[in-house]
Amino acid sequence: EPEVTQTPSHQVTQMGQEVILRCVPISNHLYFYWYRQILGQKVEFLVSFYNNEISEKSEIFDDQFSVERPDGSNFTLKIRSTKLEDSAMYFCASRSRDSDYGYTFGSGTRLTVV
Amino acid sequence: AQKVTQAQTEISVVEKEDVTLDCVYETRDTTYYLFWYKQPPSGELVFLIRRNSFDEQNEISGRYSWNFQKSTSSFNFTITASQVVDSAVYFCALTPTFSGGYNKLIFGAGTRLAVHP
Numbered sequence: 001e002p003e004v005t006q007t008p009s010h011q012v013t014q015m016g017q018e019v020i021l022r023c024v025p026i027s028n029h030l031y032f033y034w035y036r037q038i039l040g041q042k043v044e045f046l047v048s049f050y051n052n053e054i055s056e057k058s059e060i061f062d063d064q065f066s067v068e069r070p071d072g073s074n075f076t077l078k079i080r081s082t083k084l085e086d087s088a089m090y091f092c093a094s095r096s097r098d099s100d101y102g103y104t105f106g107s108g109t110r111l112t113v114v
Numbered sequence: 001a002q003k004v005t006q007a008q009t010e011i012s013v014v015e016k017e018d019v020t021l022d023c024v025y026e027t028r029d030t031t032y033y034l035f036w037y038k039q040p041p042s043g044e045l046v047f048l049i050r051r052n053s054f055d056e057q058n059e060i061s062g063r064y065s066w067n068f069q070k071s072t073s074s075f076n077f078t079i080t081a082s083q084v085v086d087s088a089v090y091f092c093a094l095t096p097t098f099s100g101g102y103n104k105l106i107f108g109a110g111t112r113l114a115v116h117p
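Protein chains in written order, with our numbering: chain G, 1 to 114; chain S, 1 to 117.
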């Protein structure tokens, strides 16, 4: 079964450093998402991406965050200057088309900011 | 506004007991999808079920069953004869299906289920 691949599975970074979280969505999917889950809390929407642009973003997704689909296969989330409160599990998800609500989630990247 | 409420923060049962996880949602949309996901200790999100708002039929899959009632805006999840492997956090989620929207998932806070031998 096709899957969404996220790398790395765990990343530790120093406060103030830039991090890039990588995702390879399912190849024929058109809609891409990033979600965040702070430890012990609920999963929160960050951003959706369609047709090479951001289609919706939450209030969490401020100027420190950016997304990119640089080569037609990868989908990245960049945090420019990490803060301690960015420590969380970050999930990438994708789905195929408007009428299909079968989201496929990656296994997540656990980001720890020290 | 759209919202998903899982009032039960933690549930603890003994193996073989039946357990029901509650989910209540709010939405002004007339069409939407509801989901349940399981998050085991390893952290990934495991898809369990997706239900269209037009389909109020209850569903059974092995030891799992779901009760969808639009009248009470609830989509409850029952595990029959629980097992230790069912121990996880369970999330209920909602997405509208209006055209033009990009259909983010709105998650509830989750219910942590602990099944003891």
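Keep in mind that the hints were calculated from the coordinates and are not lab data.
Some hints here could point you the wrong way.
[To be verified] In silico DSSO-like pairs for lysine-lysine, Cα to Cα no more than 30 Å straight-line:
#, chain 1, residue 1, chain 2, residue 2
1, S, K16, G, K83
2, S, K16, G, K42
3, G, K57, S, K16
4, G, K78, G, K57
Since we're looking at a predicted model, the values are computed, not measured.
Going down the list of hints, with the structure as the test:
Restraint check for S/K16 and G/K83: not satisfied, since their Cα atoms lie roughly 44 Å apart, outside the 30 Å limit. Using a Cα cut-off of 30 Å, the hinted pair S/K16 and G/K42 holds, with the two alpha carbons roughly 28 Å apart. The hinted pair formed by G/K57 and S/K16 fails the criterion: a straight-line CA distance of about 43 Å is larger than 30 Å. Straight-line distance between C-alpha atoms of G/K78 and G/K57 comes to about 14 Å, which keeps the hinted pair within the 30 Å bound.
The structure fails hints 1, 3 (numbered hints given earlier, in ascending order).
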